[in-house]
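Please build the complex by placing chain A on the supplied structure of chain H, with the hints as guidance.
Chains H and A, in that order, give the protein sequences. Its first residue numbered 1, the first sequence is counted upward by one per residue in the working numbering. Its first residue numbered 1001, the second sequence is counted upward by one per residue in the working numbering.
Hints listed in this document are in silico derivations from the structure and should not be mistaken for laboratory results. Keep in mind that the hints are not guaranteed to be accurate.
[Said to hold, decoys possible] In silico lysine to aspartate or glutamate, EDC-like type, Cα no more than 16 Å apart, as pairs:
no.: 1; chain 1: A; residue 1: Lys1074; chain 2: H; residue 2: Asp36
no.: 2; chain 1: H; residue 1: Lys82; chain 2: H; residue 2: Asp5
no.: 3; chain 1: A; residue 1: Lys1104; chain 2: A; residue 2: Glu1042
no.: 4; chain 1: H; residue 1: Lys10; chain 2: H; residue 2: Glu94
no.: 5; chain 1: A; residue 1: Lys1112; chain 2: A; residue 2: Glu1016
no.: 6; chain 1: H; residue 1: Lys82; chain 2: H; residue 2: Asp36
no.: 7; chain 1: A; residue 1: Lys1077; chain 2: A; residue 2: Glu1136
no.: 8; chain 1: A; residue 1: Lys1030; chain 2: H; residue 2: Asp23
no.: 9; chain 1: A; residue 1: Lys1074; chain 2: H; residue 2: Glu33
[Claimed, not checked] Every beta carbon over 12 Å from chain H, so not counted as near; a handful from chain A, in silico:
no.: 10; residue: Glu1012
no.: 11; residue: Asn1069
no.: 12; residue: Ile1109
All of these numbers come straight from a predicted model, not from anything done at the bench. All residues carry an ideal CB built from backbone N, CA and C; glycine is no exception.
Given next are the chains, with one letter for each unit.
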Amino acid sequence: MVAPDLVGRKFLGTQTQRVNQLDLTAFATSIGETADTQISQLPTFPICFTLNEAERIAPELGLDWSRVVHGDQRFIHHRFLKIDEEVRADSEIEAVKSMAGNEILTLRSDLFVGDELVTSTWSTLVFRGQQ
Amino acid sequence: MSALSGIAIGDELPTETFQLDRAMLSNYAKASGDLNPIHLDEAFAKNVGLPNVIAHGMLTMALAGKALNTWCNKEFKVVEIFARFTKPVVVEATSTTSLEVSGKIGEIIDGKIRVDLTVISNEQKVLGMTRAFVVEV
Chain H
1 MVAPDLVGRK FLGTQTQRVN QLDLTAFATS IGETADTQIS QLPTFPICFT LNEAERIAPE
61 LGLDWSRVVH GDQRFIHHRF LKIDEEVRAD SEIEAVKSMA GNEILTLRSD LFVGDELVTS
121 TWSTLVFRGQ Q
Chain A
1001 MSALSGIAIG DELPTETFQL DRAMLSNYAK ASGDLNPIHL DEAFAKNVGL PNVIAHGMLT
1061 MALAGKALNT WCNKEFKVVE IFARFTKPVV VEATSTTSLE VSGKIGEIID GKIRVDLTVI
1121 SNEQKVLGMT RAFVVEV
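Only chain H is shown next, with the shape it has when bound in the complex (with noise of 0.2 Å):
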């Protein structure tokens, strides 16, 4: 069980990412859109830089990520993310709950670029206890 007071922990990026042209034009291509698309006509798109710090956070809880399922997401932009930018994901445990033998927890990532807040993010993500 994932201890009540995990809640107020920071998970602070240890490295950044780089946002990419290929990597846009990936995403934007997977979903049907145009080689052209922008990140600001792509809302989920920041999606790429905060499931990764999850799932590194994850083990560190005592979590399985082959468990976990997506409960609910949010996405608040600030601004939009820019190619060539460095973004840097610092996350913070809002919420863990335990219900019918799962552990659910809700993770916030703030995209940073620099000291700038760029997009605001929450996961609520459900670790499926053993049957």
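Frame of chain H; chain A shown alone:
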């Protein structure tokens, strides 16, 4: 012209329909970095109790974003989007799965338009509480 120009509370936006297939799941997996085998490997998916391979919730949400992008038509932009993943979208190996995204204007405050989305596959709502806020570019 954007479907959102001159819109009023309660107005409905034209339904956008998308077809999901295994190639799309594979491409989205690579593009997003979410390589969970429940989206890619039929034997694995069935082994963990799913009827078949299912689409990433984030892919379904990205397609809701695509409908928004069509409605925005570069005249508006999405500044906030939320979705709850309520039902899996099953994708068979040899057929496509249809996804319908419709929208209705829920609220307009200081030029910020709240679009309430309904996302349906196989006559079931697959996303819940799906909402976006859009503003003029």
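> Which of the numbered hints above does this structure break?
Replying inline: Hint check: 2, 3, 5 and 11 fail, others pass.
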